[in-house]
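Chemist: Each chain, letter by letter, is given below.
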Amino acid sequence: MSLVNIAGLHKHFGTNHVLKGIDLAVEEGDVIALIGRSGSGKSTLLRTINGLESIDKGELVVDGTAVHDGKGDLRALRQKVGMVFQQFNLFPHLTAGQNVMLAPTVVKKTAKREAEDIAKEVLLKVGLSDKFDSYPDQLSGGQQQRVAIARALAMRPKVLLCDEITSALDPELVNEVLAVVQQLAAEGMTLIMVTHEMRFARDVGNKLIFIHHGRIHESGDPKTILTNPETPELANFTRAVM
Amino acid sequence: MAYQFDFAPVFENADLLLQGAAATLGLTAAGAVPGIALGIAGAICRAWRIQPFAALFGVYVEAIRNTPFLVQLFFIFFGLPSLGVKLSGWEASILAMVINLGAYSTEIVRAGIEATPRGQLEAAASLALSRAQTFLYVVLRPALARVWPALVSQVIIVMLGSAVCSQIAAEELTFAANFIQSRNFRAFETFFVATAAYFVLALLVRQALMRFGQRVVVGRPR
Numbered sequence: 001m002s003l004v005n006i007a008g009l010h011k012h013f014g015t016n017h018v019l020k021g022i023d024l025a026v027e028e029g030d031v032i033a034l035i036g037r038s039g040s041g042k043s044t045l046l047r048t049i050n051g052l053e054s055i056d057k058g059e060l061v062v063d064g065t066a067v068h069d070g071k072g073d074l075r076a077l078r079q080k081v082g083m084v085f086q087q088f089n090l091f092p093h094l095t096a097g098q099n100v101m102l103a104p105t106v107v108k109k110t111a112k113r114e115a116e117d118i119a120k121e122v123l124l125k126v127g128l129s130d131k132f133d134s135y136p137d138q139l140s141g142g143q144q145q146r147v148a149i150a151r152a153l154a155m156r157p158k159v160l161l162c163d164e165i166t167s168a169l170d171p172e173l174v175n176e177v178l179a180v181v182q183q184l185a186a187e188g189m190t191l192i193m194v195t196h197e198m199r200f201a202r203d204v205g206n207k208l209i210f211i212h213h214g215r216i217h218e219s220g221d222p223k224t225i226l227t228n229p230e231t232p233e234l235a236n237f238t239r240a241v242m
Numbered sequence: 001m002a003y004q005f006d007f008a009p010v011f012e013n014a015d016l017l018l019q020g021a022a023a024t025l026g027l028t029a030a031g032a033v034p035g036i037a038l039g040i041a042g043a044i045c046r047a048w049r050i051q052p053f054a055a056l057f058g059v060y061v062e063a064i065r066n067t068p069f070l071v072q073l074f075f076i077f078f079g080l081p082s083l084g085v086k087l088s089g090w091e092a093s094i095l096a097m098v099i100n101l102g103a104y105s106t107e108i109v110r111a112g113i114e115a116t117p118r119g120q121l122e123a124a125a126s127l128a129l130s131r132a133q134t135f136l137y138v139v140l141r142p143a144l145a146r147v148w149p150a151l152v153s154q155v156i157i158v159m160l161g162s163a164v165c166s167q168i169a170a171e172e173l174t175f176a177a178n179f180i181q182s183r184n185f186r187a188f189e190t191f192f193v194a195t196a197a198y199f200v201l202a203l204l205v206r207q208a209l210m211r212f213g214q215r216v217v218v219g220r221p222r
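Chains as they are written, first to last, in UniProt numbering: chain P, 1 to 242; chain X, 1 to 222.
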C-alpha cells in the first residue's frame, strides 16, 4: 500500500469541473512536483490531500486514514499531512517558537517542555534556532517561510505539501527556502509540491506530474519528461516556463 | 450687574464630586467587563452563524442599537418591577450598561473576527486545530487587537452615557453635580467643573485602556 492513494478523485467549484478523475499513488520518500498552467487544478489537487478542499467523488487514503466521497476524519488526516503555503500564514501574534509549539501542545497535548524541545529541534533544522523569540514581522520572507516549514514539521507529518512556497519571495530569498526543502528530501521526507521552480523540480524531484484541464496529462521521471515530453501540451508548457 | 463667577461653593463640595467621579468609574468598570465579554460571545455566534444564538443576538443588537439608552434604563428600572424584578439604581444602571455595551461590542468584535485573513484559518486547519481551538488560539487575539481602539471608544461612550443614570438616583458624577448646584445655585460653575471632570476621566480611561490593549491584547509593548 502506498503512503498516499488517490483514486477517481473529482472536484467541482459550482459548474466548473476542476478535477476530472485523478488517480495517484505516492510512495514513502517520494518527492513529487505538480506542474501545470494557472487554473489547471494543481493547487486544488494539493489542497484536497489535507482536506482544505472537499472531494466530491473518489477516494483519498493517507497512511490508512481515508476520505471517501468527501466524508472522513479530516483532523486525523491533517495530523498526518503537513502543509506550507505561498503566503507563509504564520500567526502574527505569536513568536516563531510559539507558532511552532501551538499545534503540538493544543492538538497533540504535548507537554510544554517537550513541545519546546521539538520547536528548538525543527527551528534548528531550518537554520533559525536564533529566531525562537522573534515575531513574524521581524523576519524576512525567507525566514518566515522557513518557520512555516518548521511549524509543519513539528507535527511529525508523514507527508508535507508545499503550495508554491517560493512564489511570494524576493528572488534572493528563494534559495534559502529551497535548500531546506532539498535537505528534507535528502532525509527521506515525502514531499508533494506545486512549484514553478522547474530546475528544482528536475534536480530534487523523483516524479513530475503535469496537470492539464483537471487531469494528469503526463507524468514520469522529471529529467526524462522535461527533456523529451511526450505530449505537445507539456512541450508547450516547458517551453513557456523554462 | 455682570455675573460674578464663584467656584468656591463648588469646591466646598469636592468630596461629593470625587465620590461621584469614583462611582462613574466603578459603573464603567462594572459595565465594561461583562459588556465586552457579552460582545465577544455575540460576535462568535454571529460570525460563525451558530444558530439559534446568531439570530437571537441579531435581534438583540438591532433592538439596542435603535433605541435610546435612557429608555433602556427606564425600562429596566421602572418597567421590570411590573414583572417582579426590582433592581436598585446601581443594579439597573450596571445592567443597562452591560446590555448596551454588549450590543455595540458584538458588532465591533464581529468586524474584527470577520477581518481574519483566510490564510490564517487554512494554516490552523492544516495543523489539525479544531474550530474552537482555531478561534481561541488563532482568531481571537488578533481580532481584538484589530478593533481595540473602537472598543475603547465605545467604552468611553458608555461611560459618558452613564450620566443619565443620575435619573434613576444612581449617585454618580452627574447626580453629585446636580445635587450641589441645587443647594448653592451655582449652576454654571458646578456643571463647568463636572464637565471638566468627565473630560479628564475620559482622557485617563482611554489612555489606560489603550496601554492595557497594547500590553495584554496585542501582547507586545511598543
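Don't take every hint at face value.
In silico contact screen, one side only, chain P against chain X (beta carbon under 10 Å); selected entries [to be verified]: (1) Arg47; (2) Ser54; (3) Lys57; (4) Gly58; (5) Lys71; (6) Leu77; (7) Val84; (8) Phe91; (9) Leu94; (10) Thr110; (11) Lys112; (12) Ala154; (13) Lys158; (14) Val241.
Hints in this document: simulated from the structure, not taken from any laboratory. Built from N, CA and C at the ideal position, the CB exists for glycine as well.
Chemist: At a threshold of 10 Å, is the proposed contact between P/Val84 and chain X supported by beta-carbon distances?
Modeler: Because about 9 Å separates P/Val84 from the closest Cβ in chain X, which is inside the 10 Å limit, the hint holds.
Chemist: Verify the interface restraint on P/Ala154: the C-beta must sit less than 10 Å from at least one C-beta of chain X.
Modeler: holds, 9 Å
Chemist: Hint validation: P/Phe91 versus chain X, beta carbon distance must be below 10 Å. Holds or violated?
Modeler: Holds. Min distance 6 Å.
Chemist: Quick one, is the P/Lys158 hint okay against chain X at 10 Å, beta carbons?
Modeler: violated, 13 Å
Chemist: Under 10 Å, Cβ to Cβ, is where P/Lys71 needs to be relative to chain X, so tell me if that hint holds or is violated.
Modeler: Cβ of P/Lys71 sits 17 Å from chain X, so the hint is violated.
Chemist: Against chain X, run the beta carbon of P/Val241 and see if the smallest gap drops under 10 Å.
Modeler: violated, 25 Å
Chemist: Double-check P/Ser54 for me: the hint is only fine if its C-beta lies closer than 10 Å to a C-beta in chain X.
Modeler: violated, 12 Å
Chemist: Answer holds if the nearest beta-carbon of chain X is closer than 10 Å to that of P/Gly58; otherwise answer violated.
Modeler: violated, 21 Å
Chemist: Given a cut of 10 Å on the nearest C-beta pair, is the interface hint for P/Thr110 held or broken against chain X?
Modeler: violated, 13 Å
Chemist: Against chain X, is P/Leu77 within 10 Å by beta-carbon distance?
Modeler: This interface hint holds because 8 Å falls under the 10 Å limit.
Chemist: Would the hint on P/Leu94 stand, with a C-beta cut-off of 10 Å toward chain X?
Modeler: holds, 8 Å
Chemist: Should the interface hint for P/Lys112 be scored as holding, given a Cβ-Cβ cut-off of 10 Å against chain X?
Modeler: With a minimum Cβ separation of about 14 Å from chain X (threshold 10 Å), the hint on P/Lys112 is violated.
Hints 2, 3, 4, 5, 10, 11, 13, 14, counting from the list given before, are not met by this structure.
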